[in-house]
Amino acid sequence: MGSAVRKAVCAILAGGAFLAAALLLGFVGFALSLPREEFSVPVQAEGVVALTGGSDRVLDAATLLASGQARRMLITGVNPSTRSSLLAKILPMSRELFDCCVDLGYQALDTAGNAKETRDWAREHNITRTLIVVTSNYHMPRALVELSAALPKVELYPFPVVSEHIDVANWTSDLRVARFVGKEYMKYIGSLLRTKLFKDYEESEPPPQLRHSVASE
1 MGSAVRKAVC
11 AILAGGAFLA
21 AALLLGFVGF
31 ALSLPREEFS
41 VPVQAEGVVA
51 LTGGSDRVLD
61 AATLLASGQA
71 RRMLITGVNP
81 STRSSLLAKI
91 LPMSRELFDC
101 CVDLGYQALD
111 TAGNAKETRD
121 WAREHNITRT
131 LIVVTSNYHM
141 PRALVELSAA
151 LPKVELYPFP
161 VVSEHIDVAN
171 WTSDLRVARF
181 VGKEYMKYIG
191 SLLRTKLFKD
201 YEESEPPPQL
211 RHSVASE
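Under the UniProt record's numbering, the first residue of the sequence shown carries the number 1, and numbering increases by one thereafter.
In short, the hints are calculated from the structure, not lab data.
Note that CB positions come from ideal geometry on N, CA and C, so glycine has one too.
Hints should not be assumed to be uniformly reliable.
Heads up, simulated DSS-like pairs for lysine-lysine below, C-alpha to C-alpha not over 25 Å straight-line [to be verified]:
| id | residue 1 | residue 2 |
| --- | --- | --- |
| 1 | 183 | 196 |
| 2 | 153 | 196 |
| 3 | 153 | 187 |
Now the in silico label distances, taken between C-beta atoms and shown as ranges [stated by the list, open to error]:
| id | residue 1 | residue 2 | range |
| --- | --- | --- | --- |
| 4 | 97 | 148 | 42 to 50 Å |
| 5 | 183 | 148 | 18 to 26 Å |
| 6 | 178 | 83 | 34 to 42 Å |
I would like the entire structure built from these sequences, with the hints used as guidance.
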């Protein structure tokens, strides 16, 4: 093996080792940064968005709306089979408030879709300054990356929901939790790369589904 080839191989190995170390350190920082407990949001915002994936997310967002901390609420990524009449019965608010101020988004299939659906909803309802974001604690970093890219001029206030099924504090002792947090970390890296490098949030007209406050019965 010639010296040039050896140098190239050493450079590749060194680069790979550096990347692996950077990813590992990033993962540790990511895991340590995840909130271990819920906290109040010190703001009265124009809107609150709940990213579906757990019933607690929607209930907490509805509580914020009912308490007056937001004037309008979006539930993004709603299952197409979910009826508005069912949600109106289980959410902690009056039917009048639900009919007035709760919007259901059915188009989003992932976190990037949630962000685009939220952007269209915010544009339609003139939400331009403040938005509370409700999702699980482990999902919050990725959600904020996507939403920040979609709504660069809106101040986002995270309301992380602590999951009963995934205790992120156990990531050093529970292999299942470590794997789960690791997968979320890699998705977070993917969101960072896509939003920063590829500018994945071009302007577009709101889809027709967001022109209705609630789903038809």
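| query | Between residue 153 and residue 196, does the CA-CA distance stay at or below 25 Å? | reply | holds, 16 Å
| request: For the pair we were handed, residue 153 and residue 187, check the Cα-Cα distance against 25 Å. | output: Satisfied, since the Cα-Cα distance of roughly 24 Å is no more than 25 Å.
| message | Is 18 to 26 Å respected by the C-beta to C-beta distance linking residue 183 and residue 148? | response | holds, 21 Å
| Does 42 to 50 Å hold as the CB distance between residue 97 and residue 148, or does it fail? | violated, 29 Å
| said: Run the distance test for residue 183 versus residue 196: straight-line Cα separation, threshold 25 Å. | reply: Satisfied, since the Cα-Cα distance of roughly 20 Å is no more than 25 Å.
| query | Do the beta carbons of residue 178 and residue 83 sit within 34 to 42 Å of each other? | reply | Because 38 Å falls inside the window, the suggested range holds.
Hint 4 alone, counting from the list given before, is not met by this structure.
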